[in-house]
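*Asks:* Here the structure of chain A is known, so what remains is to put chain B in place on it, guided by the hints.
Here the protein sequences line up with chains A and B, keeping their order.
Every position in the first sequence, counted from 1, becomes a number in this note's numbering once 784 is added.
Every position in the second sequence, counted from 1, becomes a number in this note's numbering once 784 is added.
If you're looking for bench data, these hints aren't it; they were derived computationally from the structure.
For every residue, glycine included, the Cβ atom is placed at its ideal position computed from N, Cα and C.
Don't take each hint at face value.
Said to hold, decoys possible - Over 10 angstroms on every C-beta distance to chain A, these chain B residues come out as not near it, computed from the model:
#	residue
1	ASN790
2	GLY871
3	LYS912
4	SER921
5	PHE1077
Claimed, not checked - Straight line, CA to CA, 30 angstroms or less: simulated DSSO-like cross-link-like pairs of lysine-lysine:
#	chain 1	residue 1	chain 2	residue 2
6	B	LYS1020	A	LYS933
7	A	LYS806	B	LYS829
8	B	LYS1020	A	LYS912
9	A	LYS793	B	LYS913
10	A	LYS806	B	LYS857
11	B	LYS793	A	LYS913
12	B	LYS1020	A	LYS804
13	A	LYS857	B	LYS806
14	B	LYS858	A	LYS912
15	A	LYS829	B	LYS806
16	B	LYS912	A	LYS793
17	B	LYS806	A	LYS1047
18	B	LYS933	A	LYS793
19	B	LYS933	A	LYS1047
20	B	LYS988	A	LYS1020
21	A	LYS804	A	LYS1061
22	A	LYS793	B	LYS806
23	A	LYS857	B	LYS858
24	A	LYS1020	B	LYS804
25	A	LYS1068	A	LYS1100
26	A	LYS858	B	LYS804
27	A	LYS1017	A	LYS912
28	A	LYS913	B	LYS1020
29	B	LYS793	A	LYS793
30	A	LYS829	B	LYS804
31	B	LYS1095	B	LYS1047
32	A	LYS829	B	LYS829
33	A	LYS804	B	LYS858
34	A	LYS829	B	LYS858
35	B	LYS857	A	LYS793
36	B	LYS804	A	LYS857
37	A	LYS888	B	LYS888
38	B	LYS1017	A	LYS793
39	B	LYS1047	A	LYS806
40	B	LYS793	A	LYS888
2 protein chains.
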Amino acid sequence: MSYEENIRKVVPYVAGEQPKDKTIIKLNTNENPYPPSPAVQRAMKELSENKEFPDTRLYPDMDAAPLVDALAKKYGRNTDEIYVGVGSDDVLSMCFLTFFNSDKPVLFPDITYSFYDVWADLYRIPYKKVPLDDDLSIRKEDYLGENAKANGGVIFPNPNAPTGILMPVSDIEEIIAANSGSIVIIDEAYIDFGGESVMPLIDKYDNLIVVQTFSKSRAMAGMRIGFAVSNAKLIKYLRDVKFSFNSYTMNLPSIVCGAEAVKDDEYFREITGRIIKTRDNFEKELRRLGFSFRDSGSNFVFCTHPRMSGKEIFTKLRDRNIYVRWWDRDRIRGYLRITIGTDEQMENVVKALEEIL
Amino acid sequence: MSYEENIRKVVPYVAGEQPKDKTIIKLNTNENPYPPSPAVQRAMKELSENKEFPDTRLYPDMDAAPLVDALAKKYGRNTDEIYVGVGSDDVLSMCFLTFFNSDKPVLFPDITYSFYDVWADLYRIPYKKVPLDDDLSIRKEDYLGENAKANGGVIFPNPNAPTGILMPVSDIEEIIAANSGSIVIIDEAYIDFGGESVMPLIDKYDNLIVVQTFSKSRAMAGMRIGFAVSNAKLIKYLRDVKFSFNSYTMNLPSIVCGAEAVKDDEYFREITGRIIKTRDNFEKELRRLGFSFRDSGSNFVFCTHPRMSGKEIFTKLRDRNIYVRWWDRDRIRGYLRITIGTDEQMENVVKALEEIL
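Isolated chain A, as found in the complex (with noise of 0.2 angstroms):
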């Protein structure tokens, strides 16, 4: 007998790449082009020189307090319904292991994170890729009647990634309310952007679950902060198991410099306001060299060329320095995902662009 049995073979969710070139014009990973709060930069400075430094010899607060008491304060919630996670793709998992453990499928997008089938199947969760619309938006009569009797959960990102695509709250609240035996979670990873978040839900809803990132607006992918936000019963469920999976995910600098972060209001604010009006502006070149694409409501424009195949622009992008995402894959094979740097960047997006097309 072997023990290659009981091994749980998984096919892993592949990130987009990571290059070391600082030169890259690095458009792939939807990170902020921005730096975080210069909060975060005194926090770490702080730790580092103050004398409660050897304090990373102890184990960190188990329930974060510092930054969870910083969420709640910000988004006007009790700390019970706040959940703190490594990024929320941590948080994420975390919610496929604790809610979607059904016979019945899960339901998402056919095209949409494409990390939600890597976790159902890592879980063995049944899930049902739901196909969007031929404008590629979620239309929400799949998760409305008989569809929402028969699942076992609900899942999908507003705005919806790789398209931008933002779903009006109203939408979103048919399909919470359809689905009432059901956990729906609502990945609102890019809703800073110029979003409207479905968080005030939570209080009509006791089946609702919303996620967000530090990642992205905040600017601090490297950090690996993400958070969910829901009912202090279901919140109580999701810290059970993640008690039951690691006492402590947060280290020390993750929790203090979270929490600065948080704070500080005006300058999310700024770097999101900044990153919005780049993206406008990038769409309005974007539309006069003839791509199509939706309106974006998160930090990246997911776009088409009739003249040109995705993968030629995205190689001859990659043969200028300029790294986006493009995918091998059915229905978005013509598509590249570009994510909003600085309008210094963009402006070079469009001068490569002009040039290749």
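*Replies:* Relative to chain A, chain B alone:
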């Protein structure tokens, strides 16, 4: 229909208390009484000062290469034989999910790290607790012969926790050899306090995984770093599961500071040596006070007194602002687990025990 049935409900692991009051002599969670290497603090300071800091806006190196490289060099392994995680709990949790995917029970001692059955319950892995001998040692015979044929995996700490008893490498080798059809995980959280690691046996047996942590001997519990060492094939399976869970688990400070800690071998040997010396002195004092215990191979002593219950000593120490660990659990109810602190802290414990007894 309610969503309640879709929720995974578990009883989480309960970690030792983390009191905020700095005047408490905290000997309850086996933390290191000394700060981490000065190189760690220096690395954190540089991270916060230099122009690279804005790199926290970018995703961290998903292979945590600087940290893995430093570990590979220190232990004379290839980088593909090393896996890093958010503390050894994260590493062990992923190992349970990856390698104990069996209908046959996983074997571990009845008195051991109490997270093992929590992980097994979380992932619904069958398990069998193997009773320790009357003197609280692991009987190697219980993991050989017929028992070795009928299990889905084997895991135990060496030295065992909370007993602190070290098992000779030759005994562990017999267990590994007898269980060639299962994965054997040796949890070496406390091996750096005088024990001999079984890591070299990785070259001889293809079913061995060795797990260690930065939380004890490297004084970095607050940074959340643990690692596994095994053959490249098993590490690949573990990485596949990890990358199906969360692409980026190690944040920038943990990668950078962890690497620096590993490089400073001199400091590491100094503080572990100091703790061993303090432990040996403390054991002499305990003997003088009438305690019985097995020689510890760790940074704690697991001791019992013939004249007073564990609970009473625990409570009376607590009244004196000294926190140790006591479990209200069969077989070990009479025992206390006392972490080794500084010489001064242990002198205070001895004085308190003299008053109490």
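*Asks:* Please go over all the hints and tell whether each is borne out by the structure.
*Replies:* Evaluated hints:
no. : hint                    : in the structure
1   : ASN790                  : violated, 4 angstroms
2   : GLY871                  : violated, 6 angstroms
3   : LYS912                  : holds, 15 angstroms
4   : SER921                  : holds, 26 angstroms
5   : PHE1077                 : holds, 25 angstroms
6   : B:LYS1020 <-> A:LYS933  : violated, 40 angstroms
7   : A:LYS806 <-> B:LYS829   : holds, 22 angstroms
8   : B:LYS1020 <-> A:LYS912  : holds, 29 angstroms
9   : A:LYS793 <-> B:LYS913   : holds, 26 angstroms
10  : A:LYS806 <-> B:LYS857   : holds, 27 angstroms
11  : B:LYS793 <-> A:LYS913   : holds, 26 angstroms
12  : B:LYS1020 <-> A:LYS804  : holds, 23 angstroms
13  : A:LYS857 <-> B:LYS806   : holds, 27 angstroms
14  : B:LYS858 <-> A:LYS912   : violated, 47 angstroms
15  : A:LYS829 <-> B:LYS806   : holds, 22 angstroms
16  : B:LYS912 <-> A:LYS793   : holds, 24 angstroms
17  : B:LYS806 <-> A:LYS1047  : holds, 26 angstroms
18  : B:LYS933 <-> A:LYS793   : holds, 23 angstroms
19  : B:LYS933 <-> A:LYS1047  : violated, 57 angstroms
20  : B:LYS988 <-> A:LYS1020  : violated, 45 angstroms
21  : A:LYS804 <-> A:LYS1061  : holds, 28 angstroms
22  : A:LYS793 <-> B:LYS806   : violated, 46 angstroms
23  : A:LYS857 <-> B:LYS858   : violated, 45 angstroms
24  : A:LYS1020 <-> B:LYS804  : holds, 23 angstroms
25  : A:LYS1068 <-> A:LYS1100 : holds, 21 angstroms
26  : A:LYS858 <-> B:LYS804   : holds, 25 angstroms
27  : A:LYS1017 <-> A:LYS912  : holds, 27 angstroms
28  : A:LYS913 <-> B:LYS1020  : holds, 29 angstroms
29  : B:LYS793 <-> A:LYS793   : holds, 25 angstroms
30  : A:LYS829 <-> B:LYS804   : holds, 22 angstroms
31  : B:LYS1095 <-> B:LYS1047 : violated, 42 angstroms
32  : A:LYS829 <-> B:LYS829   : holds, 6 angstroms
33  : A:LYS804 <-> B:LYS858   : holds, 25 angstroms
34  : A:LYS829 <-> B:LYS858   : holds, 29 angstroms
35  : B:LYS857 <-> A:LYS793   : holds, 29 angstroms
36  : B:LYS804 <-> A:LYS857   : holds, 22 angstroms
37  : A:LYS888 <-> B:LYS888   : holds, 27 angstroms
38  : B:LYS1017 <-> A:LYS793  : holds, 12 angstroms
39  : B:LYS1047 <-> A:LYS806  : holds, 26 angstroms
40  : B:LYS793 <-> A:LYS888   : holds, 18 angstroms
Violation of the numbered hints given earlier is confined to hints 1, 2, 6, 14, 19, 20, 22, 23, 31; the remaining hints are satisfied by the structure.
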